[in-house]
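*Asks:* Each chain is listed here by its residues.
Protein chains: 4
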Amino acid sequence: MRMKEIKYSFTDDYSEGCHQSILELLVATNKVQQLGYSHDEYSERARGLIREQMKSESADIHFVSGGTQANLIVVSAMLRPHEAVIAASTGHVFSNEAGAIESVGHKVISVDTDNGKLNAMLIKETLRGFDHAPHVVKPRMVYISNTTELGSVYSAKELRELYAFCMHNSLLLFIDGARLGSALSIGEVDISMADMANYCDVFYIGGTKNGALLGEAIVINNDELKLDFKYHLKQKGALLSKGRTIGIQFLGLFTDNLFYDLAIHANQMARKISDALQRVGVEFFVEPISNQVFPILTDEQILALGANYNFHIWRKMDNGNSAFRIICSWATPEVVVDEFIVDVLAVI
Amino acid sequence: MRMKEIKYSFTDDYSEGCHQSILELLVATNKVQQLGYSHDEYSERARGLIREQMKSESADIHFVSGGTQANLIVVSAMLRPHEAVIAASTGHVFSNEAGAIESVGHKVISVDTDNGKLNAMLIKETLRGFDHAPHVVKPRMVYISNTTELGSVYSAKELRELYAFCMHNSLLLFIDGARLGSALSIGEVDISMADMANYCDVFYIGGTKNGALLGEAIVINNDELKLDFKYHLKQKGALLSKGRTIGIQFLGLFTDNLFYDLAIHANQMARKISDALQRVGVEFFVEPISNQVFPILTDEQILALGANYNFHIWRKMDNGNSAFRIICSWATPEVVVDEFIVDVLAVI
Amino acid sequence: MRMKEIKYSFTDDYSEGCHQSILELLVATNKVQQLGYSHDEYSERARGLIREQMKSESADIHFVSGGTQANLIVVSAMLRPHEAVIAASTGHVFSNEAGAIESVGHKVISVDTDNGKLNAMLIKETLRGFDHAPHVVKPRMVYISNTTELGSVYSAKELRELYAFCMHNSLLLFIDGARLGSALSIGEVDISMADMANYCDVFYIGGTKNGALLGEAIVINNDELKLDFKYHLKQKGALLSKGRTIGIQFLGLFTDNLFYDLAIHANQMARKISDALQRVGVEFFVEPISNQVFPILTDEQILALGANYNFHIWRKMDNGNSAFRIICSWATPEVVVDEFIVDVLAVI
Amino acid sequence: MRMKEIKYSFTDDYSEGCHQSILELLVATNKVQQLGYSHDEYSERARGLIREQMKSESADIHFVSGGTQANLIVVSAMLRPHEAVIAASTGHVFSNEAGAIESVGHKVISVDTDNGKLNAMLIKETLRGFDHAPHVVKPRMVYISNTTELGSVYSAKELRELYAFCMHNSLLLFIDGARLGSALSIGEVDISMADMANYCDVFYIGGTKNGALLGEAIVINNDELKLDFKYHLKQKGALLSKGRTIGIQFLGLFTDNLFYDLAIHANQMARKISDALQRVGVEFFVEPISNQVFPILTDEQILALGANYNFHIWRKMDNGNSAFRIICSWATPEVVVDEFIVDVLAVI
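Protein chains in written order, with the working numbering: chain R, 24 to 371; chain V, 24 to 371; chain Z, 24 to 371; chain U, 24 to 371.
Incorrect hints may have been included.
No copy is singled out in the list; a pair is fine if it fits within one copy or between any two copies.
As the list claims (entries may be wrong) - As a list, the in silico EDC-like pairs of lysine to aspartate or glutamate whose alpha-carbon atoms are at most 16 Å apart: (1) 30 to 361; (2) 180 to 298; (3) 147 to 357; (4) 27 to 135; (5) 27 to 246; (6) 180 to 211; (7) 161 to 83; (8) 161 to 251; (9) 54 to 213; (10) 339 to 148; (11) 295 to 28.
If you are wondering where the hints come from, they were derived from the structure by calculation, not from laboratory data. Since we're looking at a predicted model, the values are computed, not measured.
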């Protein structure tokens, strides 16, 4: 493996700017005067396109600039002070948001999982620890990510079952879709945007990690949760005066299937890597299926790869091995992927 | 006055996209991989350029996406739970943020003013109402906007005096600079970016209202307030993974004086209007000096103008008059301004 | 006026311990084992007695240890994050609780009044300033005190009208009854505990200022607000493990009309003073009617009285006069009142 | 075992009122006028007595009405928004306060332990998960209880070592002393009130569970944490206007060693039970040492005991056994203890 001049980064899916079509939309619309606070026509059209994809006329859609922001606003708007969120211990709201949920007053109850995914059984066991009212918080929302922080994915069937359990137990289901594009674009997993209209109370569609300059679209299915939501956006500092900036991102993403095309590319690049590595016997921390893969190599092998590539060391294992995280994105060139595979094969 | 096909909007200074140079920067940098969370080189260079303007090596600079967000994070990071903010009753944090400051736990003590500006005397009187510890909140921060929500402006001398008063009374001074560009670009008012390094503890530089797609730059002068600030950005959902998006805005704004050029244009357009109207005896709700002017006309005259222009009715007065708000921006074409003046003269 | 050895304090109505009957109840029940967290039989019986007085079987009743605690819990439990409280600017929640309401995330919108009382017209005017959703908070609760912080009182008729207005405008009505005993015990004012069941959503009955060692009883009339209330008590630190301690206070107060007898005494003592002073032409800051009176004398006269009595200077007036506050309580001896009147007459 | 008419409750240590001496103090002081808000002379004397016991002139002492209240105020006053508390997963703040700490904005990081006790090694491991600033909260306070929720105890030596570790790692140490009396009154454990002045930043002394009608005394050792503390008491609804009510409890407890005498009795009664059970081979969930003991019996045996005694089932074990919790208090009669032992021996 020869040293390259510039390291390619597989660290995340937000290392580049945005897809060319979005840039072009920004340029094309730049001088048109529009109303502020997401009343602009681009935001309106983007909302229409998303509702079409969802086959839902009634979903409320709000654009915000980031995922932690989306999470804290949804929780703050929907829970009363004594109510809590249940999340996997790998869930972004539990482990990676500097206390954002607690900052708006709510406990996050963590549940250990094998692969980042919750299910009815795990939640049922968790609920048993909270029957001692009013001395404990009242679990009221289940938070999952799709795909998860470990790259695993929920199918439509799994969501349907989880949502049925939630409704039966007076729990709201909130799906963090920072990487929803990836989840909806895996060949062998049956789930579509229309399923998202039916199997949760609220979710958000990630733009930042799927080709936008910034932006996430919060989608509210449950009618009872829609009232006054925009106040919460404003109160938490999420209502941009130039809302058009985010609206244009989603207008671009939901025109001509761009959103899915970008996610398919990211998934395929990751799959090419995981397939190649599996063929030579490399094991993975979690079964690779989406745009995030977690191969396990020896620390020496990882160190060698680190000379030419940036990535995140995920977990030191025993016996001198570690799992590292490779993320492919809409922008990952196939030629780099091919080189990377060659380089991995060279070090193992 | 003939009806025009498209109404021109003087409603605000965020009706268009961004200045052409910023668009070009976005295009030019789009494919380069960068670190996330504002560690990218564009953000770094933008911070350097701002520090240069401030003649301050030590200022801490953080980019966020909007003004309410900047305000709530600064207050939350800097005050303890029992401490309160003093603001003019027209101040954005008191009147226009859906309870953002209270949402992070702090009372905003409002002070009535003539023109949106606070001064030592007004604050001194206000403090008298808070000597009954611990039954009242403890005033700890003075919040002002420059320019204010009424278009008035603080000079360097006024800030120096106000800051001296604040320091003497253990009060932090925080300046909301959503329209700081305008304040620094009024010919007859002596104040510069370097003054901002000396006469307050913390301030922010508005990008959204001065030619950026989005973004405000929080600047912390006071060393004691710098510790751990980035945690607060993250916790409140303001730390964008693609921080480059905002960094590029400020890189554009602070290259070749663009920030000032845009503000000068906005101020000049507004001045052209106010000069023309003053010449024919029109009165103003607040003395016009920056890019916001508040002429007073009869309701009939305003209605007539409303056929061709959008603007905000600010205040119903007695006797059939109202004050309305005309905002000029970096994007306001001079030809439109000229037409508007003609149209106003036609209706009065 | 001769100097006395010990100054008598008219500063407040919580300078002594509790009424003898309550002490006796404490002694009589001391060794009996009881359940914790207000499940004890004394609390249960006290709740029954209060419901009887209210002629309401369905009111939910919760005991807490103080008024600020009652206020912050009611507001926190009943409002969503973007909703705000409307209160008189003299209202305890606005002016005298160290930001307790803001600390749980809500703005208090203040309304200036003549005598501490709100009415439909004042609230209507206030609401006009909050039609700019979602940039402003959403007014959702009206907070009043009865008697008010200025000693004025709402009659049943006034409450009925105010509540009708509130319901018509989707506003909750919350009555702070720290001095409710006094309000219900003024001969010429028609209002009873049963009226409290009908003309508000929630109120609290003050024990501390009417003869208890401590304790306030929060009463919830509105069924929708009852759900999960006990969680909020626990979360805010108000659910005493020895709930019996407060239950016994209210058991004592609501046995044999003690609650009213104590309030009548306090009112009568205050009336004796105000009648005597009015007879010699003394004016009052607010018309005296309950157990708080605010006579206006010259600063010299007040200084002279201060040699023998403690009281609170309420407001410096112009021309060398001040209003001072005299509070009589369940414990104020008539002989002291008589001496005080003599002493006032001696100095004026 | 014959059925008794009245079940004796070993459920908790707050089933009765208060010790006779405190009742007598309440009676003796009842009619004396005192200043409000803990400025009364009883509170002042109680503070003096506690400082004497601590051999510390400089400790700040504040009385509040309950333990959850003490915990949430200390955390709220001492942490900035991004800072978090580390606690055992059995710790009251993590598991038993309905989200009180999260309600004031802070995450509680839980640590699994064998017996409810934290130590430097456990905390060190925990800190490793929080090195990814600013994406995670910043651990800033260690919370422990002494005795713990499982009845275990920290000696002076253990506290000294823990505090040294905390100081070295910029962590505040807060000790919840709801059952501090018990911890300081175990013959074989070397720890005194004076140690509490030296080995933590802040702690509280439990009155409610050691013979008072109500009340906990927050003690602040660390000078930097003292500033403005009373504001927080007021803001959180903890500053009683009749502060004397709690002051008198502590005046009683700290006169003539009552505080220790009551705790010694509680410990001795519990020891008598655990000794008797250990002699016949009963095992315990946690080694019995203080006034809480957790014997393990078969479910049938426990059911039989339940006919005559109330207690809390702590944990279902495998194989038809459960641990149950027996709490003895200052008020537990030795004769009842003796009967209970006979009854246990009869069922096993």
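*Asks:* Determine which of the earlier numbered hints do not hold for this structure and return their numbers in increasing order.
*Replies:* Of the numbered hints, 2, 3, 4, 5, 7, 9 and 11 do not hold.
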